[in-house]
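Chemist: Protein chains in written order, with numbering that gives the first Met the number 0: chain A, 0 to 352; chain B, 0 to 352.
Hints were generated in silico from the structure; no laboratory data involved. Errors might be hidden in some of the hints.
Any copy will do: because identical chains look the same in the list, a pair fits if it lies in one copy or spans two.
Pairs of lysine-lysine residues, derived as DSS-like cross-links and limited to a Cα-Cα distance of at most 30 Å, are as follows [unchecked claim]:
#1 113 with 183
#2 275 with 319
#3 319 with 27
#4 206 with 242
#5 183 with 7
#6 7 with 242
#7 255 with 291
#8 255 with 275
#9 242 with 291
#10 183 with 255
#11 242 with 27
#12 7 with 319
Number of protein chains: 2
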Amino acid sequence: MPSPENRKSLFRPAIDAMSAYVPGEQPKDRRYIKLNTNENPYPPCPAVVGLLRNFDPEALRLYPDPEGCELRGRIAALHGLRPENVLLGNGSDDILNIAVRCFAGEDESIACFKPSYSLYPVLARIQGCSCTQIRLDEASGFSVPEDFIARVSDARLFIACRPNAPTGNSMPRREVERLCGGFKGAVLVDEAYADFSEDNCVDLLPKYPNMIIARTLSKSYSLAGLRLGYALASPEIIDGMMKVKDSYNVGVLVQKIAMAAISDQEYLRGTISRIKNTRAHLSTSLLAKGFKVCPSESNFVFASPPGGDAEGLYLSLKSKGVLVRYFAGEDTGRYVRISVGTDDDIHRLLELI
Amino acid sequence: MPSPENRKSLFRPAIDAMSAYVPGEQPKDRRYIKLNTNENPYPPCPAVVGLLRNFDPEALRLYPDPEGCELRGRIAALHGLRPENVLLGNGSDDILNIAVRCFAGEDESIACFKPSYSLYPVLARIQGCSCTQIRLDEASGFSVPEDFIARVSDARLFIACRPNAPTGNSMPRREVERLCGGFKGAVLVDEAYADFSEDNCVDLLPKYPNMIIARTLSKSYSLAGLRLGYALASPEIIDGMMKVKDSYNVGVLVQKIAMAAISDQEYLRGTISRIKNTRAHLSTSLLAKGFKVCPSESNFVFASPPGGDAEGLYLSLKSKGVLVRYFAGEDTGRYVRISVGTDDDIHRLLELI
Chain A
0 MPSPENRKSL FRPAIDAMSA YVPGEQPKDR RYIKLNTNEN PYPPCPAVVG LLRNFDPEAL
60 RLYPDPEGCE LRGRIAALHG LRPENVLLGN GSDDILNIAV RCFAGEDESI ACFKPSYSLY
120 PVLARIQGCS CTQIRLDEAS GFSVPEDFIA RVSDARLFIA CRPNAPTGNS MPRREVERLC
180 GGFKGAVLVD EAYADFSEDN CVDLLPKYPN MIIARTLSKS YSLAGLRLGY ALASPEIIDG
240 MMKVKDSYNV GVLVQKIAMA AISDQEYLRG TISRIKNTRA HLSTSLLAKG FKVCPSESNF
300 VFASPPGGDA EGLYLSLKSK GVLVRYFAGE DTGRYVRISV GTDDDIHRLL ELI
Chain B
0 MPSPENRKSL FRPAIDAMSA YVPGEQPKDR RYIKLNTNEN PYPPCPAVVG LLRNFDPEAL
60 RLYPDPEGCE LRGRIAALHG LRPENVLLGN GSDDILNIAV RCFAGEDESI ACFKPSYSLY
120 PVLARIQGCS CTQIRLDEAS GFSVPEDFIA RVSDARLFIA CRPNAPTGNS MPRREVERLC
180 GGFKGAVLVD EAYADFSEDN CVDLLPKYPN MIIARTLSKS YSLAGLRLGY ALASPEIIDG
240 MMKVKDSYNV GVLVQKIAMA AISDQEYLRG TISRIKNTRA HLSTSLLAKG FKVCPSESNF
300 VFASPPGGDA EGLYLSLKSK GVLVRYFAGE DTGRYVRISV GTDDDIHRLL ELI
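Just need the whole structure built from these sequences, with the hints factored in.
Modeler: As structure tokens, this is what we get:
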């Protein structure tokens, strides 16, 4: 990397050297059964529809509440916490970005697992810090290695995705506790998919002052297009993160829609239940077809076809109008990640396999 | 600042040491005539209302187009540019944040004027870089000092707010050209208020490859609550900034509403014209009352009351239900910044002064 004094580019060397994060395809060439970006196949709850119908556009004239007090109160109540435990983000990617900026400077490092959400190392590159990636053991179903905490002792932030993407499994809660207790930096548990899981880590927050939980409305609430995520943590951590977040990072209408979405927990439970049922059917069917299937606690299934030609499967499905996600690379190259769609979507997928 | 090795806090020393940006008050205790955050007193255009009434909430289920192609195309057409010249932001604050992260690393510096938008030095502190502030000359109506470019030769990014906030005046275009031609780093011209000005700098973009223009829909389009800003620059600069922006920084509904807002340029011209007329009346009336008034090219007026007790004026107006903005400090402490409201708002304000 050239020294800053001699740089010829307008950009920081770290930015010139990096590649952008590559989000899942959002193709416009034809209609696909879209099982590639873990979107929810069911619409947002009726309260969201009602909110939009009755929203007064004049409210868009004024700046949003920079602290988002009302929405934070609703989120806090949902989790049995206080508003001071909640920070709003423009999607949970914003929360992740804020966390990296809060905890790791240039010449410091963050850590995460691999394979995991591929945005984490990209955020480190933007920040100019390094990212230690702890390899999950594919042979044992992408489990966490015994000694991982010792290997990241220099890091300032550990981001653990639980359930993990793209593998779909959850690391044991006792490993989360071991990490929070044994690691000197901040621990962010990315619970983007936790609503599809048997458990989550929110109840551990009071026990570990270095713990942050990130949530999103993109998956379980069917609001990927809205952009609303949040962090749960101690008031001290939230206060610090508040300094780094943009004052007006969540707009007026987004705050209102999020409140409407959160208000209907029965609808939420209903769609989650349907997705879990379809997930079970998908997993069983893939196993019956000879796939290796990673046990899923999320709204997608990570599975390796007989023979392991996952890229071939991805391309073949795409040509037939079904889009799944393929991640090239040593750890992931023999798997496809299939988002759990409707029963009809999955029926069509299974017909084609 | 403690060395990173010894730090006791979870946070980076730069974050612990800094104070958060303080946005203008959004009080909830009573109804005010709100002339403190440069919001537009008129509602968004009718096309925004129509869009909201007909929007299908099911569209929120899917992620937004990360590149925002359709909206970028509309914005490009508006300015006689190409979509590759446009980057979308979650408000123009997001554009400013992305720019600081792109161009200035820790141990580097950015530069701006003072007084100017107080977010600029805050963004530098978050990034861990320094911020050189070039003092504008109050005696000559907050004009730009002759030698300012030589004084920022080490900076990697210069942010020039034009028209400037909170002073409301515009630096001469020839000074912008002198800056872009004579400065080795990137130059961001923050044109948040340019729609209220006699001119802007968009036509200079092809001439200066280091130039970026930031715009927002918050002011002239009456959409402060929406959060949509954008950058205009060369494709090379936009490509680099694209790596740093969050993939999904602008939601589905925000993109649609922005397109609706931009579609009605006649409505835009109408509200701008009304605001300019009210601004002229406000400035003339303040001058008649013995105020020192900074000539405004924006949707606010920066004015110093006879005797200079601006804080007293701010508090007195607040107690009577009219909120203006007061910035303590050597350069600004004898002025109040008054957003241009409706004629009725300004009539009431002038009655109280």
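Chemist: The structure should be examined with respect to each hint, and the outcome stated for every one.
Modeler: Here is how each hint holds up against the structure:
no. : hint         : in the structure
1   : 113 with 183 : within (21 Å within a copy, 40 Å between copies)
2   : 275 with 319 : within (25 Å within a copy, 58 Å between copies)
3   : 319 with 27  : within (15 Å within a copy, 55 Å between copies)
4   : 206 with 242 : within (24 Å within a copy, 37 Å between copies)
5   : 183 with 7   : between (38 Å within a copy, 9 Å between copies)
6   : 7 with 242   : between (32 Å within a copy, 19 Å between copies)
7   : 255 with 291 : neither (43 Å within a copy, 42 Å between copies)
8   : 255 with 275 : within (28 Å within a copy, 33 Å between copies)
9   : 242 with 291 : neither (45 Å within a copy, 35 Å between copies)
10  : 183 with 255 : neither (38 Å within a copy, 45 Å between copies)
11  : 242 with 27  : between (39 Å within a copy, 22 Å between copies)
12  : 7 with 319   : neither (47 Å within a copy, 56 Å between copies)
Comparing the model with each numbered hint stated earlier shows that hints 7, 9, 10 and 12 do not hold.
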